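Given next are the chains, with one letter for each unit.
There are 2 protein chains.
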Amino acid sequence: MENYIFCCDWGTSIFRLQLVDNSTGDVLKQISSGDGVSTVYREWTSSSKPISLKEFYLKVLHAHLTTLLLDLQLSSEVNQVLISGMASSSIGLDELPYAEVPFSLDGQTAVIKNIPMTVDFPFDIFLISGVRVIDDVMRGEETQILGLATSNNFIDSNTDVICILPGTHSKHIVIKHSQVVDFKTYLTGELFQLLSTQSVLKGSVEHQSRSEEMSESSLKAFYRGIDDSAPHLTMLNKLFSVRTNDLFGVMSKHDNYFYLSGLLIGNEIRSLQVDGIATIVLCCGNKLFELYKLAIEKIHAGFPIKLISPEVMDKAAFIGQRRIFESYQLKNKV
Amino acid sequence: MENYIFCCDWGTSIFRLQLVDNSTGDVLKQISSGDGVSTVYREWTSSSKPISLKEFYLKVLHAHLTTLLLDLQLSSEVNQVLISGMASSSIGLDELPYAEVPFSLDGQTAVIKNIPMTVDFPFDIFLISGVRVIDDVMRGEETQILGLATSNNFIDSNTDVICILPGTHSKHIVIKHSQVVDFKTYLTGELFQLLSTQSVLKGSVEHQSRSEEMSESSLKAFYRGIDDSAPHLTMLNKLFSVRTNDLFGVMSKHDNYFYLSGLLIGNEIRSLQVDGIATIVLCCGNKLFELYKLAIEKIHAGFPIKLISPEVMDKAAFIGQRRIFESYQLKNKV
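Keeping their order, the protein sequence lines are chains A and B. Numbering-wise (this note's numbering), the first sequence opens with residue 778 and increments by one. Numbering-wise (this note's numbering), the second sequence opens with residue 778 and increments by one.
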């Protein structure tokens, strides 16, 4: 049983846990729940706080670990848990200082803290921290990127790439000589969400079901949004076109949704710094994938793009955790 | 009594009504209420709709008119009401088509509709519509600008100016040869509101009391936001600096509020098209005044600015309405 290990990707909104055979990488079982850091933190603050935040997190984690072990009818001899993501933030399980750049993709410069097992919590935790630069931070994406570099051949020490991870807070991560050297966060996803559901524009766009194929007119609207993200125009002004597009019947609310999307994604992708970069690596596990691909192909036409599939992205954090842990063990002789 | 007239500025959130002596311009009484178009429309949609939207609006208006007349112990011999603002929108009292540009500042090209009095509503309404260009609209600001041009000497037929009206939806209105020839709307105010209260940034900024003086460090933070609105940077990314400013203790949440403000206002003011323009006319009735002035002076240093005081702005819509009505009377021999 000693080769089994728990890997936990504890993000802002999603908690994912898997039990994996550390020697083969085979996943015995994986669960996913809504117990993300923001939910757990909110539950703790609205409780009467009979226990500390850390104890509260350990209780949540303990319940998931136990359930998973029971499901597999395994004893508790599995006693190591690797965790990355927002669990190391100020509202997480235990706040850790950030690692710095250059952040090596062999895991050697990662910041990792051991929280030893106790009678109440009989698992050794290895909590992996995030990375900072002078004006930006990430917690979780560094481990995903490290996992990608471990399991894929898209990065070698001679190839400089920029990885794009679209989402609520989209990340552009620059990798040179097998090290993360810089990265930037974009509020693209969050702004889209706020504008399309809370602003004056909400009545002018219609939310799409995720499975629906993009029609030709929606594609045209998306490209028009990208055109209107040109640097001589101002986003604060062009956003109002979403309203007039609807008011003047220029496009349907359905297409207007894609216009807004093109406007925001276009703004983000135009700022992509590709000087000295060999390949753009587009990593994402949802429908944004297609839209980002279209935007990159339009704005950086002809530039080499490598696409990372949702299936690969799903596993990246867990693979990265085990790689970081391996470095840690070598250094600390755990 | 025949010289008395009601003037009503019916905006999205505020309803303002005054009784004025049309020959002298003296205001007998003015009231202001929260019965803006968005409130009235919402109340109507959530009612069981026993009466039409138009009847619902007339009922609200009737109540205010009657109260004002009773307060002044005047009979109902006052029987004309001028209205501008969102009351002519699709969710207003009566939807009117927009006037087009060039929109003459003598009121001759305004779109105005008479809604004749009835037994139930014994007042003649003269509803003034908004103005559109190919990709923008306004309802209310055209009447304010016309009022300003009537009562101030900042516009003559030889001076081309751009008027800035900061707010939830900031407007830049270009006036050439005494005509509105173009305008643009910026979502600056609404975006500031959403970001500072609903987004990941909300914990990183602290709302200021309106009366408070701006400290030196807040001013520095505001200027830093303006610097970070430079065209080679991307707003979607720099917004995340609001988070790291707080996380890394770069500035207080108090100062960070001004950083965010500088970032957004800076983006708006950088896009100001001043080619062929003699003067920037900054019109506003609230604290934004000072911030916009600072931003213009920093970004367009040395450019002539004319400041329109809050007191003058308060009256502008009502003066504009009477000017438009005068043109209408001449044309239609009312």
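A couple of the hints might just be wrong.
Since the list can't tell identical chains apart, any single copy or any two copies may satisfy a pair.
Listed below are the simulated BS3-like cross-link pairs for lysine-lysine, each with C-alpha atoms no more than 30 Å apart in a straight line [to be verified]:
(1) 831 to 979
(2) 836 to 1083
(3) 826 to 1075
(4) 836 to 997
(5) 1108 to 1070
(6) 1070 to 831
(7) 826 to 1108
(8) 1030 to 831
(9) 1075 to 953
(10) 1075 to 1030
(11) 1110 to 826
(12) 1030 to 826
(13) 836 to 1075
(14) 1092 to 1030
(15) 836 to 979
(16) 1064 to 826
(17) 979 to 1064
(18) 1070 to 836
(19) 1075 to 979
(20) 826 to 979
(21) 1075 to 1108
(22) 826 to 1092
To be clear, the hints were calculated from the coordinates, so they are not data collected in a lab. As the structure is a prediction and not an experimental result, all values here were calculated from the model.
Structure-based check of each hint:
1. In this assembly of identical chains, the alpha carbons of residue 831 and residue 979 lie at most 30 Å apart only when taken from different copies (24 Å versus 39 Å within one copy).
2. In this assembly of identical chains, residue 836 and residue 1083 lie within 30 Å of each other by CA distance neither inside one copy nor across copies; the values are 41 Å within and 63 Å between.
3. Proximity of residue 826 to residue 1075 under the C-alpha cut-off of 30 Å is found in neither arrangement, the shortest distances being 52 Å within a copy and 49 Å between copies.
4. For the homomeric pair residue 836 and residue 997, neither the shortest alpha-carbon distance inside one copy (50 Å) nor that between copies (45 Å) is at most 30 Å.
5. Taking the shortest Cα distances, residue 1108 and residue 1070 never come within 30 Å of each other, neither inside one copy (40 Å) nor across copies (58 Å).
6. For the homomeric pair residue 1070 and residue 831, neither the shortest alpha-carbon distance inside one copy (41 Å) nor that between copies (48 Å) is at most 30 Å.
7. In this homomeric assembly, residue 826 and residue 1108 never come within 30 Å of each other (Cα to Cα): the closest approach is 38 Å inside a single copy and 74 Å across copies.
8. In this homomeric assembly, residue 1030 and residue 831 come within 30 Å of each other (Cα to Cα) only across copies, at 26 Å, whereas the closest approach inside a single copy is 46 Å.
9. In this homomeric assembly, residue 1075 and residue 953 come within 30 Å of each other (Cα to Cα) only inside a single copy, at 25 Å, whereas the closest approach across copies is 38 Å.
10. For the identical chains of this complex, residue 1075 and residue 1030 are intra-copy neighbours only, at 23 Å inside a copy versus 39 Å across copies, given an alpha-carbon limit of 30 Å.
11. In this homomeric assembly, residue 1110 and residue 826 never come within 30 Å of each other (Cα to Cα): the closest approach is 38 Å inside a single copy and 75 Å across copies.
12. In the homo-oligomer, the alpha carbons of residue 1030 and residue 826 lie at most 30 Å apart only across protomers (26 Å), although the nearest pairing inside one protomer, at 46 Å, exceeds that limit.
13. Proximity of residue 836 to residue 1075 under the C-alpha cut-off of 30 Å is found in neither arrangement, the shortest distances being 49 Å within a copy and 54 Å between copies.
14. Taking the closest pair of Cα atoms, residue 1092 and residue 1030 never come within 30 Å of each other, the shortest separation being 36 Å inside a single copy and 38 Å across copies.
15. Taking identical chains as interchangeable, the C-alpha atoms of residue 836 and residue 979 lie at most 30 Å apart only when they sit on different chains, with a minimum of 29 Å there against 40 Å within one chain.
16. For a Cα distance limit of 30 Å, the shortest separation of residue 1064 from residue 826 qualifies neither inside one copy, at 40 Å, nor across copies, at 41 Å.
17. Proximity of residue 979 to residue 1064 under the C-alpha cut-off of 30 Å is found in both arrangements, the shortest distances being 21 Å within a copy and 28 Å between copies.
18. For the homomeric pair residue 1070 and residue 836, neither the shortest alpha-carbon distance inside one copy (41 Å) nor that between copies (54 Å) is at most 30 Å.
19. Taking the shortest Cα distances, residue 1075 and residue 979 sit within 30 Å of each other inside one copy (27 Å), while across copies they are farther apart (34 Å).
20. Taking the shortest alpha-carbon separations for residue 826 and residue 979, only the inter-copy value of 24 Å comes in at or below 30 Å, while the best intra-copy value is 38 Å.
21. Taking the closest pair of Cα atoms, residue 1075 and residue 1108 never come within 30 Å of each other, the shortest separation being 46 Å inside a single copy and 54 Å across copies.
22. Proximity of residue 826 and residue 1092 under a CA criterion of 30 Å is satisfied in neither setting, with 35 Å inside one chain copy and 55 Å between copies.
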